Every structure is written in C-alpha cells, then in structure tokens.
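Chain by chain, the residues:
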Amino acid sequence: MSEEILRRFREIEETRDFFIVGRKVARVDALDAVLGRPIYTADLVTGRPLYVVAVRSRYPHARIKSLDVSEALQVSSVRAVFTHRDIPGVNDAGSLIPDRPLLAINKVRHIGEAVALVAGEDYEKTVDAADRVLVDYEPLPAVTSPFEAMNPDSPRVQEDRDNVVTHFKIRKGDVADGFRHSHVVLERTYKTQAIDGLPLEVEVAYSFWGEDGVLNCISTMQNPFDVYNKVVSILGVEKSRLRIVQAATGGGFGPKSDETPIDVAAYACLATFKTGRPALAAFTRSEAMTVQCKRHPFTITHRVGVDKSGRLLAWKALLVEDTGAYISKGHLVIGRATFHCTGPYEVPNVWADGYCVLTNNTMAGSTRGFGAPQSHFAAEMMMNELAEELGLTPLEIRWRNMLRVGSLTATGQKIEDPGLELCLMRALEASDYERKYLQYKKMGDGVVRRGIGLALLYHGNTLGPEGDDFATVLVRVERDGSVVLQTGLTEFGTGAITSLVIVAAETLGVPPSSIRLERPDTLAIPNSGPTVASRTTPIGGRAAFDAAVKIRHAIASVASEMLGVPASGLEFRESRIYARDNPGKYLGWKDAVAECYKIGVELKAVGYYIAPPTRWDPETGQGSPYNQYTFGALVAEVEVDTETGVVRVDKMTAAYDVGRAINPLGLLSTYESGSIMGLGYAIMEEIIHRDGYLLNPNLQTYVIPTTAEAPRQIESIIVESPGPMGVFGAKAMGEIPVVLPAASIAGAVANAVGVFIRELPLRPDRVLKALER
Amino acid sequence: MSGVRVVGRYSFILNGRPTTVEAPPGYTLLETLRQILHLTGTKDGCSSGDCGACTVLLDGKAVHSCLTLISQVEGREVTTVEGLAGSKVVKSFAESGAVQCGYCTPGFVVAVEALLRANPNPSIEEVKEALRGNLCRCTGYVKILDAVKMAISD
Numbered sequence: 003m004s005e006e007i008l009r010r011f012r013e014i015e016e017t018r019d020f021f022i023v024g025r026k027v028a029r030v031d032a033l034d035a036v037l038g039r040p041i042y043t044a045d046l047v048t049g050r051p052l053y054v055v056a057v058r059s060r061y062p063h064a065r066i067k068s069l070d071v072s073e074a075l076q077v078s079s080v081r082a083v084f085t086h087r088d089i090p091g092v093n094d095a096g097s098l099i100p101d102r103p104l105l106a107i108n109k110v111r112h113i114g115e116a117v118a119l120v121a122g123e124d125y126e127k128t129v130d131a132a133d134r135v136l137v138d139y140e141p142l143p144a145v146t147s148p149f150e151a152m153n154p155d156s157p158r159v160q161e162d163r164d165n166v167v168t169h170f171k172i173r174k175g176d177v178a179d180g181f182r183h184s185h186v187v188l189e190r191t192y193k194t195q196a197i198d199g200l201p202l203e204v205e206v207a208y209s210f211w212g213e214d215g216v217l218n219c220i221s222t223m224q225n226p227f228d229v230y231n232k233v234v235s236i237l238g239v240e241k242s243r244l245r246i247v248q249a250a251t252g253g254g255f256g257p258k259s260d261e262t263p264i265d266v267a268a269y270a271c272l273a274t275f276k277t278g279r280p281a282l283a284a285f286t287r288s289e290a291m292t293v294q295c296k297r298h299p300f301t302i303t304h305r306v307g308v309d310k311s312g313r314l315l316a317w318k319a320l321l322v323e324d325t326g327a328y329i330s331k332g333h334l335v336i337g338r339a340t341f342h343c344t345g346p347y348e349v350p351n352v353w354a355d356g357y358c359v360l361t362n363n364t365m366a367g368s369t370r371g372f373g374a375p376q377s378h379f380a381a382e383m384m385m386n387e388l389a390e391e392l393g394l395t396p397l398e399i400r401w402r403n404m405l406r407v408g409s410l411t412a413t414g415q416k417i418e419d420p421g422l423e424l425c426l427m428r429a430l431e432a433s434d435y436e437r438k439y440l441q442y443k444k445m446g447d448g449v450v451r452r453g454i455g456l457a458l459l460y461h462g463n464t465l466g467p468e469g470d471d472f473a474t475v476l477v478r479v480e481r482d483g484s485v486v487l488q489t490g491l492t493e494f495g496t497g498a499i500t501s502l503v504i505v506a507a508e509t510l511g512v513p514p515s516s517i518r519l520e521r522p523d524t525l526a527i528p529n530s531g532p533t534v535a536s537r538t539t540p541i542g543g544r545a546a547f548d549a550a551v552k553i554r555h556a557i558a559s560v561a562s563e564m565l566g567v568p569a570s571g572l573e574f575r576e577s578r579i580y581a582r583d584n585p586g587k588y589l590g591w592k593d594a595v596a597e598c599y600k601i602g603v604e605l606k607a608v609g610y611y612i613a614p615p616t617r618w619d620p621e622t623g624q625g626s627p628y629n630q631y632t633f634g635a636l637v638a639e640v641e642v643d644t645e646t647g648v649v650r651v652d653k654m655t656a657a658y659d660v661g662r663a664i665n666p667l668g669l670l671s672t673y674e675s676g677s678i679m680g681l682g683y684a685i686m687e688e689i690i691h692r693d694g695y696l697l698n699p700n701l702q703t704y705v706i707p708t709t710a711e712a713p714r715q716i717e718s719i720i721v722e723s724p725g726p727m728g729v730f731g732a733k734a735m736g737e738i739p740v741v742l743p744a745a746s747i748a749g750a751v752a753n754a755v756g757v758f759i760r761e762l763p764l765r766p767d768r769v770l771k772a773l774e775r
Numbered sequence: 039m040s041g042v043r044v045v046g047r048y049s050f051i052l053n054g055r056p057t058t059v060e061a062p063p064g065y066t067l068l069e070t071l072r073q074i075l076h077l078t079g080t081k082d083g084c085s086s087g088d089c090g091a092c093t094v095l096l097d098g099k100a101v102h103s104c105l106t107l108i109s110q111v112e113g114r115e116v117t118t119v120e121g122l123a124g125s126k127v128v129k130s131f132a133e134s135g136a137v138q139c140g141y142c143t144p145g146f147v148v149a150v151e152a153l154l155r156a157n158p159n160p161s162i163e164e165v166k167e168a169l170r171g172n173l174c175r176c177t178g179y180v181k182i183l184d185a186v187k188m189a190i191s192d
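Chains as they are written, first to last, in this note's numbering: chain D, 3 to 775; chain Y, 39 to 192.
What the hints contain is simulated information worked out from the structure, not anything from laboratory work.
Since the model is a prediction, treat every value here as computed from it, not as a measurement.
Note that beta-carbon positions come from the ideal geometry of N, C-alpha and C, so glycine has one too.
The reader is advised that the hints may include incorrect statements.
Claimed, not checked - Per label pair, the in silico range of CB-to-CB distance: (1) D:698 to Y:155: 41 to 49 Å; (2) D:214 to Y:162: 27 to 35 Å; (3) D:393 to Y:162: 37 to 45 Å; (4) Y:76 to D:693: 43 to 51 Å; (5) Y:164 to D:652: 16 to 24 Å; (6) D:67 to Y:114: 30 to 38 Å; (7) Y:162 to D:625: 24 to 32 Å; (8) D:518 to Y:98: 32 to 40 Å; (9) D:78 to Y:87: 53 to 61 Å; (10) Y:164 to D:67: 34 to 42 Å.
Stated by the list, open to error - Reference excerpt, derived from the structure (chain Y facing chain D, CB under 7 Å, subset only): (11) 46; (12) 50; (13) 83; (14) 84; (15) 131; (16) 142; (17) 179; (18) 188.
Unchecked claim - When the alpha-carbon atoms are kept at most 25 Å apart in a straight line, the in silico SDA-like pairs for lysine to any residue are as follows: (19) Y:187 to D:129; (20) Y:129 to D:37; (21) Y:187 to D:667; (22) Y:166 to D:127; (23) D:127 to Y:99; (24) Y:166 to D:705; (25) Y:129 to D:41; (26) Y:166 to D:25; (27) Y:166 to D:710; (28) Y:99 to D:710; (29) Y:129 to D:652; (30) D:127 to Y:161; (31) Y:166 to D:41; (32) Y:166 to D:703; (33) D:653 to Y:76; (34) Y:187 to D:311; (35) D:653 to Y:168; (36) Y:166 to D:575; (37) Y:129 to D:25; (38) Y:166 to D:333; (39) Y:126 to D:41; (40) Y:166 to D:641.
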C-alpha cells in the first residue's frame, strides 16, 4: 500500500507543473555574507589556538638525509614539532589513492611538499621556527616533462610505481581504413597550461577537543567525509572520536575536493591530538598556490581525416597529462578527457590513447571541468582547422558532424536527446554568428581586429566511471512546521544547495524560505558522497526529493484521515494539503504537522539516491560511461590588438542544455562564473613550472580576470532538454560553463587574425609571435 | 618563555566610535581588526594587497587593511564593512544576487562605498576601474556590476 502511494506521488511530481522549481528563488543567507558575518573557519576561532605551520621542500626532488628539529624547539612559544615519526596512524593523505604521505618520509617529490609541522603560540615565531627546522637534502634529478617521464629509462617519481599511471584507450571501428578514405588528413598538436582554481579563501582548519571526548575540526572544503576518513586513519582513532564540520566555504573549484583540505585538517587535528590544545592550520596564499591541485597541463595530438564534404571519417588522438608527483584525481581526469577527446561529434573510427603521467611538478587534480576544458580546446580547434582546410565555415563542419538524437559518441554510446542542436540554434540566433564570421573574416587590415568563435560541448554527467554516484539528504519537520534540511553535500558558492531546498519545497508544497539548512557535520549525517562533478543538483536533488516524498507520505497518511480523502488524492501546495478533486477542502500544513506530532508519526527521513552503474570496456573504451549528457554552445566575440597582442573578450553568448532549470538565478550565476573563469584560462592564467620550481605562486604574477577583463556582455540562454537521471530531468551544470571559453575565444582569435594559436593561454607575446608567421 | 611583547596604544575612530586598542606596532590593521577587535567581517585573501578582500575605508578612502600598519591609523577614521550595515550598497549586494561564496563580498562592498562617496554617479567604465583591485572568482562580476548600478540608481 505505502509503496504504491509513494510511487503515485512520484508520478504526480514528475508530470505536474511546478510551483517553485524554475522560479527565481533568492539565496537566504545573502545578507550575512554581504556584511561579512563570522561564518568562515578563520572567523570562528576563539581563545588562543596553537598555530600549525608546515616546513616545506625547497627542491622538486630530493632525498632527505637528515632532519634536525632541535633548533626549532628552542624558539620561544613553540610547543611541538612533528615529523612523519609522530603520526599515530597511517602516514597517508592521498584523497583516493594512498600514494601521498602527509609528511615526507625520506624523500620529497615536488617543491613545497610538507616535511614537518611546527606548532606554536605565536604565529610569527612559529613561522620563524619552521625556518629553523634543518633539513639536509640531497637533490635528485627531477623529471619535469611528462614525455621524458614516459620514457622507460626515466627515473621513477614514485619508486614502486611506473610513471605512467593510467593508459586510457578508445578503440572504435578501423581508423586506418577511415584515413584511407579521407580526402584531407590533418595532424595538429595542442597544449594547455596548469592553472590554479584559486578559491578566494585559502585552506584553513581549526580543531579542538569537545567535552564529550570528540576531536572537532571546522574547515573549508567540498568533501567533509573524505577529510573525515583520512584524518581518522592518520590519527588512528575510532571513527566516533572525530567530527568534521564544514564552515561556510569561500570557493571550491575542485582544489577543495582534493588533497589540501585533508592536509590542513590533519595538521590541526594532529596538533590538538598531541598537545590537547586548540589548533589552527591555515595556508598562506603562496603556500596554497604551491600545493593546491592545479588543472592538468595536457599535450594533445590529433590526426583527423575527413571526406570532401567535411564528414569526419577517422580520428586518432594522443593525450598526455601531467599529474605532478602524486596521482590525486589524475587517473580519472585522463578518463574524462579521453572519453570526450573527439568533441561532440560523430566519428565512425576512433583510436585514442590517454596517459596520466607522474612528474616532479606540483600536483594537479580536479579543477572545475575535470579534463573537459583541455579536451574541448583541442577538439574544437581541430574542427576549425579542418574547416579552414576544406573551405568550410566552422559552423558548416560542425553542422555536418554534431551529435544528434541517435548519433553514436566516440565510445559508441547512443545520444538520446536533441540538446546539442537546440543549444546551437539558440546561440546562433542570439549572436548572429554566421554573418559576423564571414564579415570579420573579410576585414583584416586594421590594428584592432574583431573575430567571432563558436564552440560546442557535450559533458558526460556526474561521476559515471569516476566513483559511486550516490547522495543522501536528511529532511525533518519541526513541531512548528518549519523544515530542516541537512546533507554532507556542501555549498561553496555555487548555489547548488539552494536547488535542494527548492526540490524539497516543491515536493512538500511549502515556501523555500521555510526550509532551514544545517551545516554539514560528519557526526550528524550519513556520508553523502563527494560534492564534485556538478552532482549536487541532479544527484543530490534526487536524494532531497526522496527524503521529501517520504515526509510527504507520512503527513499524507495523517491528512488523509483528517480530510477523509485517500492519500493519493492529496495535493501539497502553498503550505496547504488539498483534496485534488475538491480544492475547497484543505488542511493547513502546520495543522497537519501538529497532528503528526500528537499521534507520534515521525517526520524525519533520510533520502537516498544512487545513479545506475555505467558500463564500458576498458580495453576498447566502448560502452556507455555516463547516464546522460549536458550539451552546450558558446559564441565568443573578441578584439585583437595586432600591435600589442592583447585579446579582449567583448561578448559571450552561452546556451546550455540544463535539462531542467531547478534554480534559474543560480544557473545564471553559474553561466557567468564559468564564462569568466574560462576567459582567464583562455587568455591570461598560467601557473609556470621551470625545472620543477614554481615561478608565480602569488597574485602579483598569477593574474586572474578582474572587472577590467569582464566582457561587456554575457548572454545566458537556458535550454531544457530533460535527461533521464537528474531530479526532474536536471543535468549537471556547475562545471560546464568553464569548459568552452578557451575553445571559443581561440576560434574567435583565428577568425580575427587568420592564425590558429595552438597553445594556451593566448598571451600577448604568443599572439604577436603567431602574427609574425 | 613566551616573552614580553612590545605593545603600542592606538586611538582612532572605528565605525563612528572612538576606539583605543593595544597592539604590537608591527600588526597590520587587518590583524588588529580580526584578532584583537574580533571584527571578522574584513577578510584575508592574500595578505599582500593583491585581492582586495581586506578593503576598508581609511578617512573615507579604500585601502588594503593588510598593507596598512596599525600605527598608521592613529587619529584617523576607519570604516569596516560592519560599519556599513543598512547602507544602500549592502542592500543592493544582498538583493542582486552578487554573492556566491561571499568571501570577496565585504571587500567589494567597501570598495563600492568608497567609489560612491567620491563619485555618486560613476560611469560603468569608472566602476570597472575602481573595482579592478578586487578579485572575485565566483560571480563573473556581472551581478556585482548589477549591484553597483542598483546602488547608484537608489
């Protein structure tokens, strides 16, 4: 009976019009943030904590001959110095793969690797003491090019592991045959750079013993349960003795889902565990920029054959990814990059090899986009170059090859919805692309030249092959009718948690403002899975829906009695419970809740959702690695100053197929945010390693877009072609808008000046050099 | 062992109120505000004057509190974001969706306040110029500029 009602509710939800979903819902906590209320970790410190400062490697690769802490211990106010010998549990802090010591044992493998920790009363003296930890290094040859590292004779970065961590393959059809039948075959190599995700708040963790014997740690992060599990293992304590709480988090962008949040939490917790004192571990900006996981630099070589009409016949790809000294998420990033390496186009014959390679550079990990920006830059540039060679426009070659309903992707997965075509049509219409393309291509002598670029996207949704794609959300109703929602999925500026509130509000028929969020707390909630891969709205939304449906079912059973209407005939909206067939007959939400409390019906539910497992063959890459795809089209208009080489982005027209717009205000922010972060990747940002040393881990020389670089206009177009997996048809969107700007801007520069620049970022010197050719 | 610290006494007007604070002379205004006065609205993003998260008003002009020593504010007037509660800039930021992670927001609010005090009706180019010392990684600046436009027209 109850299963039947639950099912009925779900059917009703999925077919009816929405009351709240898709409406503009403002963030409830906006004013607190504007006023700078104490909501971030560093604001919450009380009393006098010990400051924990890391001693970091000055070499990209070196053996530690000896380590002398005695002088540091002499510094007044220093309370303790820790090395790997002081770690009570397992000395490993790798977020997924246990290849990374929290504190180096006898070797350092990248610049800035932590060797020891100093804990002291006074911050400046503690920093001074960290300088007095004497580490005697024997420098070793550093392997800093992934191509060098792939050579079997190369020194190993990790002694017990080959430098090639993963070899990812796609084998579809017969590429040799495809090339034989090709009219034109082009081979091109594209290079992308490392960037820093650069959340404005650096990593910081504050720990203290609770009166209940539980070690508490407040921190800024995306994945509280990853941090929790690692710190439990590093300290070697019972799981019940640690509690991780996510404070308001000043930006995530991927780095805060990887290694560094584990590090700071472990530093602070270790100090508290050993000394009993509250402890604060906070990175400096330069430290953060050194050790935060970067976006992977890629070198991608494509060899592509087309027939006379521009139909793609064969695509051979080699992708080499530098993941730095420890794997972090590199083995998964290469998978996403390789799966998407042919762009959103149908190619009958594909042969791709993707390699994730260890080097002595600093770590790369899951920076927003997770391999997709690199992959799309190379594929889209390749399409532009092919078009040029064949005398087609970039639009014509895309139109002939793009994924439509029934198309097969590079992995042989059948496309089920028309999202890509819908996005393209909307973006073309709004930007007047084709006319401007031809116009700009003809003009060509002025100092400042205009250009327009088009790029298309497909993005396999959420984790797919990257892990268990589940979420949990806890919903409970208080006696006064207010609703509380809590999950281990985190808010760090994306607005995605507002989507969960909207889903719960929609399902329960109450206003979003009556739903209160509680902070993620590992002692209060079950593991909710990681807040990565743009999962929160589609997957977390399903869990929020599940929890809300369960609550609604409980309330309906009581309301049904009170109204004398079968539970399946009830409708929840506007804080009332109506008899669907007789809208004059209704019950107030609060009255129904009060009755539930009175007769002992529990109004608390854990919602759960796990996406269907995805299947593909690791030998051929063939199969369906993702449950659904987000599609998109981005048009960028630029001005290139041919005297200075400066590229200015004037306008971006972004159309994305979001499946279902749960939270339109949040979506617009996501579009704008990704567009400008992608703009930075395209024209200015670059973390520079030289022989393993970092040249610019600071904000004077690593420059991100400011208001001065912001385009005059970002036009955001929401396309809705519902997917089968996400809540109410929603698709993944958090990362997506960052993927295309580089491809689209580089295409626009080619349109403006007639030269394809194959290496990011499009710095002035690079543009000028290209113009000399 | 933890030693004697040299501490200075500094008097200034903070958010409209005369304030005297004891702090080491090497302390920055940011450290003094956050650690001694527990006014945590002013954020620390880089400690090097590059990100603007720590922007405060000093005699009505926007400065980086991370680059201002406490000794430099003696006898002067400091306004932090806490002192701007109820202002039209605060209201327009809260209402226009200009807040995402929120970490840069107090710095932007103060920078905009400084701009509008000096120039109540700036052009969009003047606004962009005035805010280029403030970094935001979340918003793409579109909604921030919307908030400024709202505050100007208010």
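Hint numbers the structure violates, sorted upward? Per hint list: 1, 2, 6, 7, 9, 10, 11, 12, 18, 19, 22, 23, 26, 29, 30, 31, 33, 34, 36 and 38 violated.
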